[in-house]
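Just need the whole structure built from these sequences, with the hints factored in.
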Amino acid sequence: MHARHIFLSAIAALVGGVLACVAASAIAAPDKIDPAADAKAFQKYFTDKFPQVKFEDFVNGPYSMNEDMRKQWEEKEQFPPYEFSLEAGKEVFATPFGNGKTYADCFPNGGLGIRQNYPYFDEKEGKVVTLELALNRCREANGEAPYSYVDDEMASLTAYMAFTSRGKPFDIKIPNDPRALQAYENGKRYFYTRRGQLNFSCATCHVQSPGERIRAEVLAPALGILNAMPIYRSEWSGMGTISRRLVTCNSQTRAVPLEPQSDEYRDLEYFLSYVSNGLPISGPGARP
Amino acid sequence: MASTIRVRATVSGDTTEVQALIQHPMDSGFVKDAQGQIIPAHFIQQLTFEHGGRTVFLANWGAAVSKDPYVKFSFKGGAKGDDLKINWMDNKGATDSTTAKIS
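Keeping their order, the protein sequence lines are chains V and G.
In this note's numbering, each residue's number is its place in the first sequence (first place is 1) plus 1.
In this note's numbering, each residue's number is its place in the second sequence (first place is 1) plus 107.
The reader is advised that the hints may include incorrect statements.
[Stated by the list, open to error] One side only, chain G facing chain V, incomplete, derived with CB under 7 Å:
hint : residue
1    : GLN126
2    : LEU128
3    : GLN130
4    : LYS174
No wet-lab data here; the hints were simulated from the structure.
Just so you know, even glycine gets a beta-carbon here, dropped at the ideal spot from N, CA and C.
Below, the structure written as structure tokens:
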């Protein structure tokens, strides 16, 4: 009886193995990287899941999902907590560097109303360039020390640049360049890959469970999540950049965070921004 | 430097609604910095709103109030164009004040 059982198990394992091979080869068939189709499917997933939420409202994160929070937020927005940061950002943005140049010299349109075009793919460098990265490169090109990607100075600068771009829809372009498509694909893979001791992917919270509670918080949908950046988090008693948000997300799922503005994070931002194309910039935002 | 106080006061009927946001670290004295050193307590102790020589709101604050505090209250009286004087003093003796027009 016992031997027979082992024999049967072995056969089952063999058959299972063959089936797995077949399945694996079917999956391994080269998928065409099709960002446009991805974005459409991504947006459809959210609009189907939340038919009561207006499309433009997804940029308001948890407030689009919870009536009570929305009321509190609307009141808060009359006197928003990011106001000090915004003002500081405006001042810093206009202050010339040691060499007399300003941030406006580094960006198209003097840096105003351009947030919706970042991140973009730099074909010369062959990599994704985010707004935070571009700001620090601007500083370094003008002989200034770069800012920390997770601190207030960077947040106030991006807050001001986002504020001047409010209402403009995300317009992320993926040029017909295999490296750009690969960067997008890498970002997508990062987004859907589980990691850390809690075995969470970005999608676990922000695709599978938006609107649900995680402890006392209501999870924001991934769609439009970057449109509101940077954000004032009451929990942080301060502003947070996109870099800070990503690093904190990783450590909260007990994964080891990457270096801010590492290739993976840049690609992730590229993917996430691209699939939110068409949604208006609403940053700086305020979150509990 | 710009004022640390933002105020908005609006009349509706016989009450004036006041909202204020104050920029202040409000360090409790119980938090350590990245080097493990205690960040000394630094918080607003007294906040006053004056209208026509009368104190309409007085707060005695301590370490438990959060950073960049926000206050909202309303009082009877007040008319469009009246001055509202706001003043705070912290535990290090620093102060700031501003005067807002009720609208």
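Consistency of the hints with the structure:
no., hint, result
1, GLN126, "holds (5 Å)"
2, LEU128, "holds (6 Å)"
3, GLN130, "holds (5 Å)"
4, LYS174, "holds (4 Å)"
In summary, the structure agrees with every hint in the numbered list given earlier.
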